[in-house]
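Position 88 of the sequence shown, counting from 1, maps to 88 under full-length UniProt numbering, and the rest follow consecutively.
Worth double-checking, as some hints may not be accurate.
[What the hints assert, rightly or not] Dumping the calculated DSBU-like pairs for lysine-lysine here, alpha-carbon to alpha-carbon at most 30 Å:
{"#": "1", "residue 1": "Lys82", "residue 2": "Lys120"}
{"#": "2", "residue 1": "Lys120", "residue 2": "Lys88"}
{"#": "3", "residue 1": "Lys18", "residue 2": "Lys225"}
{"#": "4", "residue 1": "Lys88", "residue 2": "Lys108"}
{"#": "5", "residue 1": "Lys220", "residue 2": "Lys150"}
{"#": "6", "residue 1": "Lys82", "residue 2": "Lys99"}
{"#": "7", "residue 1": "Lys220", "residue 2": "Lys99"}
{"#": "8", "residue 1": "Lys15", "residue 2": "Lys106"}
{"#": "9", "residue 1": "Lys105", "residue 2": "Lys82"}
{"#": "10", "residue 1": "Lys106", "residue 2": "Lys209"}
{"#": "11", "residue 1": "Lys18", "residue 2": "Lys184"}
{"#": "12", "residue 1": "Lys99", "residue 2": "Lys77"}
{"#": "13", "residue 1": "Lys216", "residue 2": "Lys150"}
{"#": "14", "residue 1": "Lys82", "residue 2": "Lys108"}
{"#": "15", "residue 1": "Lys150", "residue 2": "Lys99"}
{"#": "16", "residue 1": "Lys55", "residue 2": "Lys184"}
{"#": "17", "residue 1": "Lys55", "residue 2": "Lys225"}
{"#": "18", "residue 1": "Lys108", "residue 2": "Lys120"}
{"#": "19", "residue 1": "Lys209", "residue 2": "Lys150"}
{"#": "20", "residue 1": "Lys225", "residue 2": "Lys99"}
{"#": "21", "residue 1": "Lys209", "residue 2": "Lys225"}
{"#": "22", "residue 1": "Lys184", "residue 2": "Lys216"}
{"#": "23", "residue 1": "Lys15", "residue 2": "Lys105"}
{"#": "24", "residue 1": "Lys184", "residue 2": "Lys150"}
{"#": "25", "residue 1": "Lys55", "residue 2": "Lys15"}
{"#": "26", "residue 1": "Lys88", "residue 2": "Lys99"}
[To be verified] If you anchor each label on the Cβ, the simulated ranges turn out as follows:
{"#": "27", "residue 1": "Gly217", "residue 2": "Tyr141", "range": "15 to 25 Å"}
{"#": "28", "residue 1": "Gln215", "residue 2": "Asn33", "range": "20 to 30 Å"}
{"#": "29", "residue 1": "Lys77", "residue 2": "Lys18", "range": "15 to 25 Å"}
These aren't lab readings, by the way, just hints derived from the structure by calculation.
In this text the structure is predicted, and so the values were computed from the model without any measurement.
For each residue, glycine too, the CB sits at the ideal point set by N, CA and C.
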Amino acid sequence: MHLWHLLKKSPYPDKLYKTCSVVGNSGVLRESNCADHIDSADYVFRCNMPPLTDKRHLAHVGTKSNFTTVPMSMLRKFGKIKDSQEVKDGWYNQTLQYKGMVIIKKPKDATLVMQAELMKRRTDLRVAYENPAHFIGVQRYWAQRGLPRKITSGFYVITVALMLCEQVNVYGFWPFPFNDSGGKVRYHYYSAPIFFAPETHDMAVEYMKVRELHQKGVIKIHLGKCQEKKPKRKL
1 MHLWHLLKKS
11 PYPDKLYKTC
21 SVVGNSGVLR
31 ESNCADHIDS
41 ADYVFRCNMP
51 PLTDKRHLAH
61 VGTKSNFTTV
71 PMSMLRKFGK
81 IKDSQEVKDG
91 WYNQTLQYKG
101 MVIIKKPKDA
111 TLVMQAELMK
121 RRTDLRVAYE
131 NPAHFIGVQR
141 YWAQRGLPRK
151 ITSGFYVITV
161 ALMLCEQVNV
171 YGFWPFPFND
181 SGGKVRYHYY
191 SAPIFFAPET
201 HDMAVEYMKV
211 RELHQKGVIK
221 IHLGKCQEKK
231 PKRKL
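Generate coordinates for the entire structure from the input sequences, incorporating the hints supplied.
Next comes the structure, spelled out in structure tokens:
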């Protein structure tokens with residue numbers, strides 16, 4: 001069971017989206033004033049269900065979402081959803097800040113209940129499951145191009161965006177503890193634990209690949225503050 005089997009038809013149009021934002025969660029987004037730039041895109045990808053309603057970050061990260069991945073930590077948090085209405089309500093409330101689709105790694109008893117709960121209570125948000133064959137194919141593609149370790153979910157989402165969008169703008173991707181000026185950069189723009197083992201991914205090498213894609217004009221990375229002139233928002 002995967003994305004295309006769960007939906008009656010493809011959720012995507014026959015033609016590519018003109019502009020897309022892919023939003024990571026690095027602390028480089030803090031004080032960036034990028035919200036309007038992010039939300040003005042035709043389609044917005046977000047990683048690991050970041051907070052979108054915290055007033056401290058609204059001007060910097062935006063609120064629009066069309067495609068949001070769900071981290072394993074969130075699945076653990078709601079692991080007892082099958083036996084608890086309180087946990088079901090917690091999951092529902094957690095998802096109120098997102099629209100479009102939330103993407104879960106694979107179906108399990110708990111995730112199927114999560115899916116059923118959203119189908120029952122919402123019409124503007126669907127659960128879909130990652131296609132493992134597609135992820136493996138993407139992994140192999142990048143392994144042949146200098147990324148032998150497992151790619152991060154963020155890099156996978158960038159790749160998906162390249163398949164669906166004419167123009168991909170990337171925000172919040174910066175794996176280093178300091179910026180170019182030597183200032184400290186938090187791992188996330190919000191308070192959250194880091195779960196993956198350091199040896200799982202090669203964040204620095206992966207970022208260099210992101211930078212290479214930027215230099216070749218394949219994507220556009222936005223670091224630091226966004227320009228003051230704000231584009232017209234698309235709702």
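Status of the hints after comparison with the structure:
no. : hint                        : result
1   : Lys82 - Lys120              : holds, 15 Å
2   : Lys120 - Lys88              : holds, 11 Å
3   : Lys18 - Lys225              : holds, 23 Å
4   : Lys88 - Lys108              : holds, 15 Å
5   : Lys220 - Lys150             : holds, 23 Å
6   : Lys82 - Lys99               : holds, 23 Å
7   : Lys220 - Lys99              : holds, 24 Å
8   : Lys15 - Lys106              : holds, 28 Å
9   : Lys105 - Lys82              : holds, 18 Å
10  : Lys106 - Lys209             : holds, 27 Å
11  : Lys18 - Lys184              : violated, 35 Å
12  : Lys99 - Lys77               : holds, 20 Å
13  : Lys216 - Lys150             : holds, 23 Å
14  : Lys82 - Lys108              : holds, 11 Å
15  : Lys150 - Lys99              : holds, 28 Å
16  : Lys55 - Lys184              : holds, 22 Å
17  : Lys55 - Lys225              : holds, 18 Å
18  : Lys108 - Lys120             : holds, 18 Å
19  : Lys209 - Lys150             : holds, 14 Å
20  : Lys225 - Lys99              : holds, 26 Å
21  : Lys209 - Lys225             : holds, 22 Å
22  : Lys184 - Lys216             : holds, 28 Å
23  : Lys15 - Lys105              : holds, 26 Å
24  : Lys184 - Lys150             : holds, 27 Å
25  : Lys55 - Lys15               : violated, 35 Å
26  : Lys88 - Lys99               : holds, 18 Å
27  : Gly217 - Tyr141: 15 to 25 Å : holds, 19 Å
28  : Gln215 - Asn33: 20 to 30 Å  : holds, 25 Å
29  : Lys77 - Lys18: 15 to 25 Å   : violated, 36 Å
Consistency with the previously given hints fails for numbers 11, 25, 29, ordered from lowest to highest.
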